[in-house]
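S.K.: In order, the protein sequences belong to chains A and B.
Here the first sequence is numbered in the working numbering, starting from 772 and rising by one per residue.
Here the second sequence is numbered in the working numbering, starting from 772 and rising by one per residue.
Calculated directly from the structure, the hints in this document are not laboratory data.
Note that this is a predicted model, so its numbers are computed, not measured.
Incorrect hints may appear among the rest.
The list treats identical chains as one, so a pair stands whether inside a single copy or across any two.
[Claimed, not checked] Computed cross-link-like contacts, DSS-like style, restricted to lysine-lysine with a CA-CA straight-line distance of at most 30 Å:
#, residue 1, residue 2
1, 899, 806
2, 817, 899
3, 899, 912
4, 912, 806
5, 806, 817
Spelled out from the first residue to the last, the chains are:
There are 2 protein chains.
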Amino acid sequence: MATKNAQPTGGARRGPATVSRAANQRADAQRNRVKILAATVTAIRKNLDASVADIAAEAGVGRMTLYGHFQTRAELIEAALVDSLERAEDVLSQIPLDGDPRAAFQRLIASSWMFVDQSRALLAAAQKELSAARIRELHEKAEARMRGLLLRGQREGAFRADLPVSWLLTTTHVVLNGAAEEVRTGRIDPDDAPWFIDAILLPAFTAPPSAR
Amino acid sequence: MATKNAQPTGGARRGPATVSRAANQRADAQRNRVKILAATVTAIRKNLDASVADIAAEAGVGRMTLYGHFQTRAELIEAALVDSLERAEDVLSQIPLDGDPRAAFQRLIASSWMFVDQSRALLAAAQKELSAARIRELHEKAEARMRGLLLRGQREGAFRADLPVSWLLTTTHVVLNGAAEEVRTGRIDPDDAPWFIDAILLPAFTAPPSAR
């Protein structure tokens, strides 16, 4: 972001005021975009069906400004989800996944939960607005990381190998979202959620043949 | 239906042709309603975002006729879901739930799956159109049955009691729907789904303390 702004300022030194004005406009547009995306998360958290007008009001920008950035509500919800997933990636990519697969799985669940919890309203809005396939596609990086860990666990005998990894992955995904629904309705405290998730997934994924 | 039609015919014998006409209109309306609800399931299966016009076309009725029964798409989707849940109830209420709780759970999962599989497109459309709370409310009877079985299993020591029954119930619900998503994307064969569901839920719900 800093480099993007620096370049046009350099251009302004070379002469024409129009370059500087264009640079300011780009910086304004960038600030508005950031404001609108943050306001989307807030407005959706207040009301899952918040309209584009509600979101513009929350961001303190005009509706026309908002439409200049995002032409439809779906486009806006998708951009906010992409943004929140990028932030999650910055954290999730730092989690050490080596060593005992069960312990690594618990670390990854704990951090994944943090983001599911933060963005659960946004995700619920996205589920109404975008296709399931598109939502899954947006989660590709996070999914690939979890898949890699589950596969390693299967290879090393820590996770059962009689179920395809895709089913373990889907189960992880739906149980995480199920916990989010329990938190939303007040049946689970958000801080306890990782424990509840592990309590289901660990025995399910590591069950000895006799317990199945 | 037969008795409903018989009554007005008797009325016609008593004289005024208007009674008979009103009766015919009621019978027509009833037939149209049944046709529209069946067409909703078919149209939604073909295209999750099928419009009211698409559904009317599928039913072979005019849009105005459809709107005479259901004023909005949401109302129509909800009525189709209620209808399909009532059919499911007829079957689910016959399943013997006594004896070994694990075996009873497997019986209930197998039949529940059958209905989840049949109505998964309708449910996906409902998730876009109705609130999660309303959908859960419509599943109340099915949920109460499963809850009763899980509670008995916990009391009798067949299911673990360190997790609230509400969390076991939500887990069951999301894993059933997760399997439906896997079937939709072709990763699981619908006939195998009950096995995949049990493979996750039984060890998760019956894990000995050492496995957690």
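S.K.: Decide, hint by hint, whether the structure agrees.
M.R.: A quick look at each hint next to the structure:
no. : hint        : verdict
1   : 899 <-> 806 : both (23 Å within a copy, 27 Å between copies)
2   : 817 <-> 899 : both (16 Å within a copy, 19 Å between copies)
3   : 899 <-> 912 : both (22 Å within a copy, 25 Å between copies)
4   : 912 <-> 806 : within (25 Å within a copy, 45 Å between copies)
5   : 806 <-> 817 : within (16 Å within a copy, 40 Å between copies)
In this structure, every one of the numbered hints holds.
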